[in-house]
Each structure stands twice: as C-alpha cells, then as structure tokens.
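Asks: Protein chains in written order, with our numbering: chain A, 1 to 480; chain F, 1001 to 1480; chain G, 2001 to 2443; chain V, 3001 to 3443.
It should be emphasised that the hints constitute simulated quantities derived from the structure, not laboratory data. Check the hints yourself; a few may be wrong.
No farther apart than 27 Å at their CA atoms in a straight line, the calculated lysine-lysine pairs in the DSS-like style are these [claimed, not checked]: (1) F:Lys1055 to F:Lys1458; (2) F:Lys1381 to A:Lys458; (3) A:Lys359 to A:Lys55; (4) F:Lys1055 to A:Lys55; (5) A:Lys458 to A:Lys381; (6) A:Lys55 to A:Lys381; (7) F:Lys1451 to A:Lys458; (8) A:Lys451 to A:Lys381; (9) F:Lys1451 to F:Lys1381; (10) F:Lys1055 to F:Lys1359; (11) A:Lys451 to F:Lys1359; (12) A:Lys381 to A:Lys359; (13) F:Lys1120 to F:Lys1055; (14) F:Lys1381 to A:Lys55; (15) F:Lys1359 to F:Lys1381; (16) A:Lys55 to A:Lys120; (17) F:Lys1359 to A:Lys458; (18) F:Lys1381 to F:Lys1458.
Going by beta-carbon spacing under 7 Å, a handful of chain G positions derived as facing chain A [as the list claims (entries may be wrong)]: (19) Pro2031; (20) Asn2034; (21) Glu2035; (22) Thr2068; (23) Glu2212.
Here are a few chain A residues that sit away from chain F, every Cβ distance over 12 Å (derived from the structure) [stated by the list, open to error]: (24) Asn5; (25) His16; (26) Tyr49; (27) Thr50; (28) Asp60; (29) Lys76; (30) Val77; (31) Glu115; (32) His145; (33) Glu178; (34) Glu338; (35) Arg342; (36) Ser427; (37) Glu429; (38) Pro449.
Virtual Cβ for every residue (Gly too), placed ideally from N, Cα, C.
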Amino acid sequence: MLIFNHSRPGRRTAAHLAPEVPIDLPAGLLRDGDPPLPQVSELQVVRHYTRLSQKNFSIDTHFYPLGSCTMKYNPKVCGQLALLPGFQTRHPERPARFSQGFLACLCELQGMLAEITGMKEVALSPMAGAQGELAGMLMFRAYHHARDDRERREVLVPDAAHGTNPASAVMAGFQVREIPTDRHGDVDLDALRRAVGPHTAGIMLTNPSTLGVFERHIAEINGIVHAAGGLSYYDGANLNAILGRVRPGEMGFDVMHLNLHKTFATPHGGGGPGAGPVAAGERLAPFLPVPMVGRGESGYDWLVERHRPQSIGRLTTWAGNAAVLLRAYVYLRILGAEGLGRVADHAVLNANYLLAALKERGFTPAFPDRRATHEFLITLKPELEQTGVNARDFAKRLLDYGFHAPTTYFPLLVPECFLIEPTETESREELDAFAEAMHLIRREAQHNPEKLHTAPHKLPVRRVDEVRAAREPDLAWRPR
Amino acid sequence: MLIFNHSRPGRRTAAHLAPEVPIDLPAGLLRDGDPPLPQVSELQVVRHYTRLSQKNFSIDTHFYPLGSCTMKYNPKVCGQLALLPGFQTRHPERPARFSQGFLACLCELQGMLAEITGMKEVALSPMAGAQGELAGMLMFRAYHHARDDRERREVLVPDAAHGTNPASAVMAGFQVREIPTDRHGDVDLDALRRAVGPHTAGIMLTNPSTLGVFERHIAEINGIVHAAGGLSYYDGANLNAILGRVRPGEMGFDVMHLNLHKTFATPHGGGGPGAGPVAAGERLAPFLPVPMVGRGESGYDWLVERHRPQSIGRLTTWAGNAAVLLRAYVYLRILGAEGLGRVADHAVLNANYLLAALKERGFTPAFPDRRATHEFLITLKPELEQTGVNARDFAKRLLDYGFHAPTTYFPLLVPECFLIEPTETESREELDAFAEAMHLIRREAQHNPEKLHTAPHKLPVRRVDEVRAAREPDLAWRPR
Amino acid sequence: MLARIGVASIDELFDEIPAGLRSDRPLQLPPAMNEAAVSRLMLERSLGDTPLLCFAGGGAYEHHVPATVWELAGRGEFYTAYTPYQAEASQGTMQVIYEYQSMMCQLLAMEVSNASLYDGATALAEAILMAVRANRRSRSRRVLLPRNIHPVYRQVARTLVTAQELELVEVPFDPATGLLDPQTVAAMAGEECAAVVIPQPDYFGGIEPVDELVRAVAPSGALVVGLVNPLAMALLRPPGQWGGAEGVDIACGEAQSLGLPLSSGGPYLGFLCCRERHVRQMPGRLVGRTVDDEGQPAFALTLQAREQHIRRSRATSNICTNQGLMMTAATIHMALMGGAGLRRAAAASHRATVELVEALTSLPGVEPLFDRLFFHETVLRLPLPPARVLEALEGHGILGGIDLSRAYPELGDALLVCATELRTGEDIESYRCALGRVLEQAA
Amino acid sequence: MLARIGVASIDELFDEIPAGLRSDRPLQLPPAMNEAAVSRLMLERSLGDTPLLCFAGGGAYEHHVPATVWELAGRGEFYTAYTPYQAEASQGTMQVIYEYQSMMCQLLAMEVSNASLYDGATALAEAILMAVRANRRSRSRRVLLPRNIHPVYRQVARTLVTAQELELVEVPFDPATGLLDPQTVAAMAGEECAAVVIPQPDYFGGIEPVDELVRAVAPSGALVVGLVNPLAMALLRPPGQWGGAEGVDIACGEAQSLGLPLSSGGPYLGFLCCRERHVRQMPGRLVGRTVDDEGQPAFALTLQAREQHIRRSRATSNICTNQGLMMTAATIHMALMGGAGLRRAAAASHRATVELVEALTSLPGVEPLFDRLFFHETVLRLPLPPARVLEALEGHGILGGIDLSRAYPELGDALLVCATELRTGEDIESYRCALGRVLEQAA
Ligand SMILES: Cc1ncc(COP(=O)(O)O)c(C=O)c1O
Ligand SMILES: Cc1ncc(COP(=O)(O)O)c(C=O)c1O
C-alpha cells in the first residue's frame, strides 16, 4: 500500500500548517490548487514509514557482509553529536568568525586525514567517493595542463575496479584503458608496461583491490606509471583494511579519496549521503578543490579560490556534506591512533577467520593462495555445477536465514562469486553462525534445490521480478 | 536469546568506560569484581534491542483499540520539545530563579488543567493516575480530619471501577464498599442511598464509566453523597470523552485526577511513565500535594509546605514526572480550546461509528440502548455459545490480522466482553478494516474454531503459557 | 460516518449527558499554535536560563548517558506500546523487563526484582509497606527510618504509609560521622519493630557500616530494607551480601543514575528487589519466562494476583502505570556499560569527589563536616550561610551543591557537594576559584 | 580465532604487504577520548558561536521541519541499510524511493524522477550533461546558463562539465529587473544550442517569466532545463506546465527546503526529473514498481544499464552513493505537510519577505534594487558596503543576508535578504531596528 492510497481529500494535520495569508501574486503565476501530494494524518505517516522501515535489513538488525561496502556498525554517538543544534541550525553563509567551533572540527579533520593517508593536504568537500574520484581526475588533468602537457588523455584502470573509477575518468574527459589482473589477483605488470606512454595521464588503483587482496606490486606500478610521466590515484574506499599499516602517500600515490561513509562512521543511509574527501601529496595538493579550511591569526577561515589559485574549483555549493564530516571527526577523536589500528586489525582478522571457517566447510576461495584483507572472494561454481544452485539462489536463501547476502557477481572476473566483508564490528559468534548457514544452505541445495531457486521464503516479498521492472517501467504513482 | 547469552568475558566498548582510577576505599567495602552484567559490544546491544522492539505491537505500527487505555497517537513534537537540552539537563535542585522557563510551563499547565476540569487549583506532581487517586483519597482523609470528623472510614466505589480505585482507597487507610451498577450501566442509586452514612468519607466515580457510557445520575450521586457529609472524587482517566463538553468541577465533584499519559500526549512507554495531576475545587484545594508552582513579584516560584500548610505533603521527590508535564503543556498549546474540543468529538464519533459498524455485522453491544462515549463494550457470549470460540480466542486471532486486541474480560460485569476504544486519531479506513476483521474471524469461528483456539499464528510466539509462568516462576536469569 | 451511526450531528452523540451537567461556556485556553511556533516558544523557554556547571547531587546525578541508550529506548515500538497485557503482541517489552529484572538482581545480588516503581521515594515507601506485610509474624507496625536518608524520601514515606497506621521511627546519626551507629540501631530494633531501613550511601554520601548494621538488626527479627544507589553498588558491596551471604530482605531506591537524564527531576525509576520468599508481597509488575504452545521460550506477566487489576482492594499496592520506558533505558544502559563500565563510572565519580573535597577544603574556612569515607558526595562546612554562597556561585555559572541548613539545622552552615565522572579537573578548579572569590568578597 | 586461521598473530595476517610499503611510524593522532569527553567537546564547539537570527537564504533556507520527519528518517532500519541492491531485503527503502519519485513528479508536474543526486549544484551540472546527451540531434555542445543563477552553481557546473568539452554561455539579466529577457534568450538560443537553463525563482529571488522564456526557446530546438526551488513550486506554476502543457524537458535543483536542516550546508538533496522520453539519459538510481514470484506488488532498482556499476565508462554519470537518507526525510516531509502544508509554507514565506522588504525599505537609503515580483528573497540596495553592514548586524545577533558585491560587482552595494515562514513580525522588527541603528551609527 502506497502512502498515496491512504490519502483522503482534505485530511491534514493543522499543526503543520503555516497560517493562511493573502497572496499578492497574479493568478497566472500560481499553480492550480495544491500540489496533489498525499493527504494523510501524522499517525498515518508514522505508521506507514515505521512499517516500511521494518521491511529493511540493516546493520541495526542484521549481519550485512556486503563486500566492497564496509557495512560496519558506527557508534550512535557520532550521529548524535554531528546533529547538535548548534551545528544543525548553522546557515552555510554564516561568516567564519562566527563559526569557529565548526571550522575547528573541519580543520582538525583535514589534518587527521592527511596523517592517516600520508598525504600533504586534504580537501573535504566531495560528497561521495565518486565525486572524490572525479576531483582526483580533474586534478590529473589540471596538473598536466599546468605543465602544458595536453596529450595525456588516457587513464589506466584495472579490470577489477569499481564501476565509478572508469565512469569518473570519463567524466573528467579522459579515455579509459583497462589493465588485466593476473591469476594471483595482482595487476598484470607486463600489460601495464605495454599500456603506458606519453598519452598516459595516470592510473587509478584500488587497494586492497575488489578481489579482496592486497596489491603486491604497488611499488612497481607507481614506478612504471611515474616513469611514463603519469600520475597515480589511490581509490581509498577500502581504507578499513590498511589503517595504521600503510599510508598511500608513503607508498608513492599522488592523490586519493576516502569514503567517510565506509571507514569513518557514516552509515549508508539506504543509499547515502556520504563524503569522499580527497587527499593529495606535494605535486597535486595545489589543485585540490575549494573550499578548504585554514588557520590564521584571527582564527579558522575558509580557503577559497583567491587563496588557492590553482584549485580545480568547486564541486559543491558549500563545504560538502558537513554533518558527515562532523561524524568522522567525532569517530576519530573517540578512536585515536590505537583505536584506528584496532579497526584494521579486527577487520582483517574477522575476514580471515570467516574465510577459514568457510574453507573448513568446503567452500572455494577465489584466490586460495592469498590472504584475505578486510574482505575475500569465494566462488560457488562448484556448487552450481554440482547442484544447479547459483550464487543468486544462495544469496536469496541467506536472507531467509537472517543474513544479508554478500556482494554477488562482482567483480566480474570471478564466476558465481561472493565478495564477503564481515567488518571489524561483528562478533565471532555471528561469523560462526554465517558459516553454518552457508553450510546448511549447501545441504539444502543438494537435497532440495527447488527451495533455493524460489528463495527467499520468509521475507516481506518473494523473489522480485526485476526483468518486468525494466521491461515495463512503472516509475511513479499517478492519480487515476 | 537473552542479552546475557551474547555475553563473552572481557567484551566491552572502550568509549563507554571512564578512565580507570585508583580507589582509596578499603577492600572490605568493595564488591568482589565487576557486577556480572552482560559483556557485549555496542552493536550487539543495538541489534538485540532493535529486534526486540520489532516484536511489539505499538501505536506507531498497529491499530490498538485497547479500551480504558486511550491508546491514541501523540504528536512527536511533544516529546521532542519536552526533551530539549535545556530541560533535559536541568538538575531538580536548580533554584527557581534560574528555572523560570521551566516553571512558566508548569504554572501555565496548572492553569490550563484547572480550566479544563473546572476546578480551582491543580497539583501536577502525582506520577500516575493511581498516585493521583491516592492523593485524592489522602485529601478526603485530611479534609475530614481537619474538621475533626474521624469516623468516616469508608469509601464507596462502583463495581465497574478500575482496580486502582479500591486499591488507592485502601492505601489511604479507608475501607471500600462496592456499589452495584444497574442494568443500563449507571450507578444503582438505591444501593447508593442505602450505603451512605456518617461513616462515608466519599465516593470515587469514573466517568465515562468503564462500561463505556456516560453516567447519567451524576447530579443525584453527588447530591446523595454530599448530603451524607461525604466528598466526591472524579476518576478523570477517561477525560478524552468529555473535553469541552462537561467539567467535573462544574458537575459538583470535589477532587479528581487526570491521566496525562492518556489524554495529554504521553504515549504509554510500554508501561509508563505517566502523570496523574490532581485538581480540586474550593473545599479540597488547600489539601493538594506540594510542590505546586506560583507566580509572585519576582517571577515563578515553588509553593511548598510553608506556603500551603494544609497540604497532604509530598508524593514525589521533586516536581513529579517533569518531562511528561512538559509534553502535556506542548500538546495543549498546539491544540487550544478548539482542538481539544475536536479531540472529544472525534473520539466519540469514532467509537460510535465502530460500534455501528460492528452492530451492522451482527455483534452484540453490552448496552444496546446506550450511546457509546469514547469507548464501548460488546459481548461475544453469543459467539461463544454458537461456536465455542471465546473472547480470548477472538483477541488472539485479531493479532494475526494486524490489530491489537481490545481490552478483554474487563469490566468483570459483562461476560466475554471486549472494551473497544478506537480513539480520535484513527482513520475511518482503519475502523472499517477492524470491523471487517472481526467479521472474518467470526466466519472462521464457524468453520474452523480450532484455528482460533490456537491463535495467534503469525506472531513471534504462539500462545503463551501463562499458567506455567505463574506455577514455576522464572523471574530472573542466573549465571550457571 | 454520522449517517452510518444514524445521527445528524456530532453534538447528538453527546445527547446522554444531562442538560444540567453540560458546560455553559467554552474553554478559555490560549489560542492554538502550530508546531513551528510552539517549537520556538519552548526553545526560548529552555534556553532562557543560563546553564550551570553541576555539583549538586542529593538523589539526582549528572552522569554520562551513551547516545545509544535513548536512540533505542526512543524507538516508537517501545514507547508507544502499552503495558504488555497481551503477551503475544508484547514480547519485545516483556523480554526487556525480564532482562531488567535479571540485571537488577545481578547488580544488587538479590533474587527477585519487579518491573519498576515511580521513583526512589515511593520505592522506599512501598518497600516499608511490603516489609511490614512480609513480617506479619512480628505483628509490629513500627519501622526504623534513619535521619540520614533523603529528607524528602522520609516525607514521602510518611505521606504514603502513615494512613495505613504504620509508625516511622527516626534513627539518629552520629554527629561526628554522619553515619548510623550499629549499637543505637540494635537497641532501637530491639524494641518491637517490623523493619529497619539502611541506606548505602546515606544522604550525606557517607559509606555506612552496612555489615555491622545488618548484624545489629538480626537478633530483633526485623526485616532489613536496603536503600541504595545502584550505581554505587557496582563498586561497593551490594545489599544481597551485606552482613553475610544472606544480605537484606528488600533492596530499593532510585535508578536515575542508570542512564536517565536529570530532566528536572523526572521521570525517574524506582526499583524494588527482594528475596524469593517475599515475592508474594511484592508490589508492581513481574515478568516471568515461560513457553508458548510450541514449547518455544516466551515471556508473560506473572503472579498477577498481587496486583490491583486482579486483587483490587486487597492488592499489594495501587500501582498500575509505572516507569516502563525508564526501565527500558536503564536496561539498555546496563547492557552497554557492562559491569566494568558501571564500576568505572562509580569509581571515577568517587575519585572526582575526593579531588573536589581536596580542592574546596584548601580554601580558608571550608572543611569536611564528617570524618568518614564517602562515595560521590559529602558535606562541607562553610564559613557563611550556604544559601548566600550558592547564590553567589550561580553568578559564576556554578550550581554549587545543596544547602542542608533547612533540612538539618543541627549541622550549621552545611553544604552537600557532589562530583560525578563528568567533572573534570578543570571543572573542579573553576569551582575552587569561584568559591574562593565568593568567600573573599564576603570577608 | 588466530588458531583457526593458522597464524600466530594478527601481524601475520598482513604478511602480504611488501616490507618496503609498510609504514614506519605510528599514526600521530590526538589520544582517544571516551564518549563523555567527546560529547562535552562537541557541545562546547557547537555552542561556542552565538546564535544569529537568520535572514540569509541564497539556496539554503531555514524552514520548519516537523519533529516527525527525523524521528522516522532517523530509524536505524533506514539509516543503517545499504543501497537497496538486494531487492527482497530492501523493500522498505525501495518503496520510499518510489514514493519520493512519485511525489517529486506530482510537485513538479514531471513524469520521471530519479532517487536523488548530491545537491542542487551537481544536479544542475548533471542536468546539463543529460540535456546535451538527450539532444544528440542538435549536435551542439553549447548550453545557455543565466547569470542570475546561484554563482556557485555556475562554478560547479563549469568544473563538472567543461572537462567534457561543453561550452557554457552566460545569459545576462535585465539590470532593471534582475530577470531574464525572453528576447535575449530567443536570440542566444537561436545560434546553435543544445539546452537552456531557466531558473524559478532566480538567485535574486525574482519570479521569472517562465512561460515566455520556454516559448522563446522552443523554435531553437534546444531542450529546456528548469532549475527550481521545489517549495516554491507548491505555490507557483511547476516546470512541467511552463509555456503550455508540455513544460520543460528536465527539472532539477536543491530540495533542502523539503525537510532538511540547514546543517552548515549539507548533506542536502539534489533532485532531477525529466520527461519519459529522456529517461535513458537520466543519471542516478531509479526504482520501479513490479511484482514478486507470487504476483504481489514489489519494488526493484531498474534501468540499471544507465549506471556505472553496470555500464562503467559508458554510464550516464559516475554517481553511486547519493543522498538516500535525505530523500527519505524529504518523502516523509512531503507526506506530512501535504500539498496544502507546502503551499502554505511557501505563501507564508513570500508574505514574510514582503513584510521584511517593507520594513527595511522604510529606512533611509535602503531600497529595492529590482522592480519585479519575488518569491521569498530579494535584493536591497544599501547606503553602505554590505560587508560592513552585515558585520555590524552580527553584533546585534542578526545574520542579515548575503553580500552580493563580490559575485555581482555590477549591482553595487547589494544585499540578498530572505524571510521564511519562521520569521515573525517581531523578528522583522528586530532586524529593522538593528539595521536602523547600524546605519545611524555609520552616518
Ligand atoms: C572501491 C570503491 N570505489 C569507489 C566507490 C564509490 O564510492 P561512492 O559510492 O561513495 O561514490 C566505492 C563504493 O561504492 C567502492 O567500493
Ligand atoms: C479508569 C482508570 N482509572 C485509573 C487508572 C489508573 O491510572 P494509572 O495507570 O496511571 O495509575 C486507569 C488506567 O490505567 C484507568 O483506566
């Protein structure tokens, strides 16, 4: 039942109405009558959306080992403090000298992220990872153009990369050249050597890669690309795995983004919002997007175009997703260096433990000779061949067992794969229960495959017809 | 699974720990080790209690026509404003001159409740209806004692009264004498006349009574009791039905309580908290409990024993359930007189509509010749006789249909009864759906009574064994 | 809708109200405001009074409440549900109550806990009534109530129990220590007595010799009611272990310090625990673990024959609505903090108060009034009337404590001060400086 | 756990990291704080800056947000869920998106809405890119972008689209009215052009002659992108109806005014709507209504072949994470307010601004800069540089508006002021008095 179906003409909540006032505008400018939005009581709204919320799986209700997404638990206090009235009611045009508390948080956050990434400077404004990537690509471009090097039109992207990488490179006006992965899950260095040249603007590298392994040739890759005059970009969405162990700046990367909504305490919000700060080393720092925050004699202040003349400019109307930035700030203050190190340690421990538990139960790792990082890949190809039950069926049946499914069929390189990221915040008992469920489902696959083809059975809906959704798009309710 | 079952030694959330400090107290005073509370992560706590919450029926998720309980929707804003940081962090010993905003709200609330009840003065401190009743009974006692009339040891209570009424009278040191109800649902006046005398301290009257009808002999009742030298108490828990129509003070009652958690915007909290202000007319006002709030030249101030020497004293450590009082204040400011009138109008309209809808479907009102007030009684005795399905079975089956059950088997006077209170905040569609569910359940009772005897079928648990709970009490988890 | 009912107007639905009873004038209330306007009004009222740095305790304490507590307790499914009378539709609330009962028993080393009472004061009153019922053997209606218990608790107890013709006898405290004297208690209990109340800590913050006190009462056959701050029990020996393994018969008190905001004094959370043998005299709700028709674990309200809705005039109490939501918050708070978290908060509060006392008594004329150990509050003697000092401190943004001179005139210029784990060294230093200035100016 | 993995230490799990890459020094971060300490820090930081009465707009507006909005949007099941890739486990989020799409279509009189973009500025940039893709026929990469659009939106659009070799051509506004001139637009569109952006209201708050503008563009074959404040569309004619039943091709903008707090500038909510025929060029997520295996209604992400996770370098955009939670809040806000609620908020904001202008222009030297109708903000000419005036007003607790002199030097001493439905007569009077005093003191 849609909220529109609860609507009855004239139903409304008086407390939500501003007083009726005379309107001095000519009728021709005005719309005919009120917009046809639902006319419902506050109770109907509450009940409708409360019930809808209960139809979701979420971190607060379920284990959610969705690979590449870092669905970890984020302390509630981070959100609560980011929404303190003083922050929440601040108009973005409020001048800096009356916003010192807010700017202090941003400035310190810039500093902490620079320290964590080993980069020189950080700009906080990008509103998600993809926008951070785009900023990085625009910085590639600005750097080469500043050196009057206009032929570098190509960005190299490993074939296992997240879809946003090639899409961001294209938005920045580059062509994308895919670099294959070798059978151990590392970038194929020979192919890379063949690909670089005077047309190479740079490379975008995800590490740990979306295959769930640490790229072992980083030094060589950066060497090859830099030798060819290119730049190197680090996709830091998987930062959870490396905190305190390696720093992209020290590894030779020129620029990177971080996903605050994965690693730094912003839950995913059913799709967002996030924040994708960009961090840059010596060479690319001047090109970072504005605004940034600086600290001068009269306190904290915005750094804008006139302070940073080489900046690629603005990506956001104001300072980006400010409340998300405050969350990250609180999170970092709570954890400190030691706590951050524990994040990576436990994320990697949990992934390797779950991998071991699944291997014990006979599941097949995609890269059997590799360590898991914060996530790992298994392939259900043997199960498919043996029982006709595919990864999708497994995924749907996991829902019946009360687990969100891992990421399926991504990356595309591995058939029937599950990318599994347990995160550091889950308990050992939860991991054991998940491994056990996988085992039970495989048993069901052997004895009753039909049950899996038609799963899920215990959710608010049965398997959803996505083909029909695409073939006969019904994208909005319309009044009859 | 209990939260204790998630516990593992040493598991804890660092952010919740105060720093470890040296303790200078002798070991003999200290307990051996930490108290054996669960050792769980913040995520485990969140997931555990979020999931538990989802097992509840509540106003925010279900229609909840629980008679005598006024399970209506309360605007979210009332709670939000009662919890504003300035109120929430206020220490109760903060002096009045630094608490003017808070005291202004209480003082105005006293005034508004006096206006609504038609009484002279209001004391806000009682923490629930039962405590309000107790205050009223102690005021009966104090009044008679003040006149040196010490033989009035008996309080009259109609047999349909809520259980708190006799219990409160006893707590105040009175004996209780039950007055029967006549077959129209009114107090039996002859019986009342026979019961009064020099031993009569007074009467406690609920109106609308728990039979869901307006007591038509109020004038006579008050006349009889007053003539005998007794006092009259109005149980105002059902105020929702009479707002703006009648005022107990004007009807001749001496003292009453209101349940702010029914009529004035405090949801029931799974059991509380509430607030049960007492309102008194001329004669009993001097005996109201302290503290109250007054307004003098230097602003608002507490009125305590020295200002109100005849007060029965204190029932609460401070001003009672302050946040509940603030909620009621906000609610009254939002509604105003007109809005309050609409509350009663729609509460009574909805009840009469639902009664009509059930009558159309052949259900049997307990008092067929009476109007419903804000609630009404039906009896399922015909259904029991015809199908063997009793009110309890109906109630449990309603849960499967997504409706909370009405109050069952109360009041005790009517066999197999449902006391149904839809409240003013439900929509007509919801009432229709409920009536339809009742109809469908009766059909099931005819064709498949077994299904009803074993209901509910779709809830987190099947029918709960309450006999075993009482016979083998397991009242607390214990470590093994 | 009117047509279906068969009336012409809403007014007609009120036709059974006798004409003479109807109100003849419309309600005079301030005009309706919309949500935006009332939000502004309340914000202004809540902000109108300057914030004060809090060194007041006296039964209400400013502890840290983790953000998670109220995010969960504030879920609509918890706070818009009714008392769990309909078991199958209320398993969430019921399990929370069962866990609360269990945690309180663990924390206090008791066997049974009810599902809450209104607040600490009424919990004490109910405990006294319960003790007298439970000790029917003694036939006494006398109860010993120490003078070093919260003065308002004593008033409330008096209001609530004297109508039932109980006699509350005040036990004096030792003027040198503020503590109860076991010998005095033994003597007073010796004269016919149904129950004795023992606080831990007492209203002055003092740590009572509870073992000796319990043993002093034992020969009299009176029941022992422990009145405790449950947070203190994470550090100090819990009432279930006082005076030996047996401990007290009943433990009660105020649980505001388990996750509830100060909130101007309420809603708070009264708790009541007892030994299994007294359970049938327990007032308030109880949840028990049982099974459903399929044998799966389930929860239900139980032993309801004690309660007013079943037993009416013969119930153990008139309580019906209790403090369910506060109980939910306290349960979540205890689960989040764990035993270690509570113990550390208690220990840090104690430590902060030790430092506060050191800092303040470094000022001329300020000295500890009692010679004994305290938990997280204590009494200082000031060189000036406390009311004057407190008023001056407020000008410095400090709520300096509670003036005892009205409730305890015998103590002279006595001030009750408290520091919880939230009071930092800087806060304490601010207080010291401000008090120093106030005293200088007065000199 | 280590034993099961077969390692001796956690360090061993990192053994694939080449030694040369490992960091050789520990992170230098401030020491860990507990929740209580960080709460105090943030509270102090958030309160450190005095509150200001807000008369600033410029794309971010202080409207009332009903308490219910964030109580519901803030439920853990909404805000700790991922993007609804796993349909069966995400029907809650999906239905919310579908309802959001539907409501935006109703409000703007459009046919399709996506599930959100980052903010108004990026929504404009995406709309421009989309329009150029959708108008492949025209083969032009020129887009007309009026100068009276938010200056930062124009900068962001430039940053985001110029790398793809689009040309953004600035359309001047009429200096007397601040509005676009249909003839100028017709002429500029006439020279080869893929799309024209039309704001309503414009950055100065002016109500544009949108019908004439849309008709002026029509002959050129350029697509029309409407950039609108969605709250204004509850009062003014929506983009789907501009210039006739057909309306614009694409509507976009910032939906902060639909239930989102000011929050220092973000997270906000970019929206994008279009005609059905352009849907395959739409960036961002779309949810469609479909059925499950049993034929029951269900929702699913759809037309995903436009998106980066399927189409990679050939996607319509790189957007992945969007503003889901803000979209949820806006949906709840629209449901609560209904059409009447939004219209009244819009009308009351307009009215308050009319009163504000009357009040302020009663002061000597303060006058309206433009002669035209406005929605809920407008430009005043001051007798002093706005920067000086604003600074002085802040001393009176007033955020007086936005200084236009840097972004629009041609306007002289111009101040953009705004009043929403929250600004009362008293607020306006406070502003007038404060401004009066500021101007006097300067004279
Ligand atoms: C490896 C990787 N890179 C980039 C992104 C894009 O980030 P966002 O969704 O915030 O745009 C993601 C996540 O979605 C990711 O997993
Ligand atoms: C008629 C009536 N009187 C008294 C009460 C007692 O109120 P409370 O539960 O707040 O103590 C109730 C409700 O429970 C009631 O319905």
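Asks: Which earlier hints turn out false for this structure, listed by number in ascending order?
Replies: Violated hints (numbers, rising): 2, 3, 6, 10, 11, 13, 14, 16, 17, 19, 23, 24, 25, 26, 27, 28, 29, 30, 34, 35, 36 and 37; every other hint is consistent with the structure.
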